[in-house]
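With the sequences and hints as input, model every part of the structure.
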Amino acid sequence: MRTFVHGTAVWGVACPRRPSRVAGVTMAGFRVRELDTLRMVPHPAVTLLVEFGGGTPVMDHAAGRQQRGSVVAGPGFGSGGAVRARGENVECVQVRLSPAIARAVLDVSPADLDGTVVALDDLWGREASRLRERLSEIASWQERFALLDALLARRHEAGPTVDPEVAWAWQRIVAGRGLVRIDGLAAEVGWSRKRLWSRFRSQIGLPPKRAVKLVRFDHAAHRLVAGEGAARVAADAGYADQSHLHRDVVAFTGVTPATVAGEPFLAVDDLAWPNREICAGRT
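Each residue of the sequence shown is one higher than the one before, starting from 1 at the first, in UniProt numbering.
To be clear, the hints were calculated from the coordinates, so they are not data collected in a lab.
For glycine and all other residues, C-beta sits at the position ideal for the given N, C-alpha and C.
Treat the hints loosely; a few may be bogus.
Between beta-carbon pairs, the in silico distance windows are [said to hold, decoys possible]:
#1 61 to 8: 42 to 48 Å
#2 142 to 227: 17 to 23 Å
#3 209 to 127: 32 to 38 Å
#4 56 to 188: 42 to 48 Å
#5 17 to 127: 38 to 44 Å
#6 240 to 21: 16 to 22 Å
#7 247 to 18: 28 to 34 Å
See the structure below:
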């Protein structure tokens, strides 16, 4: 386990030594003594958070609702800066699932999550509590990753798949970092626009236009965290101008690009997920 230090944030971070058996699955382990109001930044993946330590992470929503413990969040969760995470003595494994395989692994469509968060117990029942118990009994992070990966692989093999055309369209968006002509996707797969838009929304959880904006934002936000100037990022990431980038960042996070550049949620990615494209589903 390595130590991540960013301002006042100090976290222990563990990464698997081997890639997942399932393409589009990545994970990282976190040990945080004090998690202090961490802004949740939207990400182009379905997030599975499994806690197993003595502490319990808490998610505070802008409307006053709270969510505790292990959760599943849809792609784009946290838009508008509406969700903060906190807790003490938190130990957890965070899994990022490509939306193209999330339905098979979770037994629920990303569209049913609709950018929100649900308790893992509500989806998996007793299996969720058994998983937490087994993770807490294991001392090694690598063994924890292996246990969880085996479970995800079994569920993926038994679960329903998305249409190949839908999976291909999602991977085109991710590979192009959001710089694709969405009107041309239907023609490339040989479907009508109406059919692709309907299937994509129901199976990925986002309409194609929203998916393009989310993937483009994620790429731009990480470049801001890396220290690149907003004008350069806007030009390279396909925004019309710096004001366009500013509006998109505020819409997704509720704060300005300068503030996003200092977000620990994004800064830890270079350590926890060095290959972010695979996290989103570019396989």
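Take the C-beta atom of residue 142 and the C-beta atom of residue 227, compute their distance, and say whether it sits inside 17 to 23 Å. Once the Cβ atoms are compared, 32 Å apart, the range 17 to 23 Å for residue 227 and residue 142 is violated.
Between residue 17 and residue 127, is the Cβ distance one that fits in 38 to 44 Å? 26 Å, violated
Residue 56 versus residue 188 beta-carbon gap, inside 42 to 48 Å or not: Cβ of residue 56 to Cβ of residue 188: about 46 Å, so the range 42 to 48 Å holds.
Falls inside 16 to 22 Å, the C-beta gap from residue 240 to residue 21? 42 Å, violated
Could you see if the CB distance from residue 209 to residue 127 stays within 32 to 38 Å? 36 Å, holds
Using the C-beta atoms of residue 247 and residue 18, is the stated range 28 to 34 Å upheld? 41 Å, violated
Between the beta carbons of residue 61 and residue 8, is the distance compatible with 42 to 48 Å? 23 Å, violated
Figure legend: structure checked against the earlier numbered hints; hints not met, in rising order: 1, 2, 5, 6 and 7.
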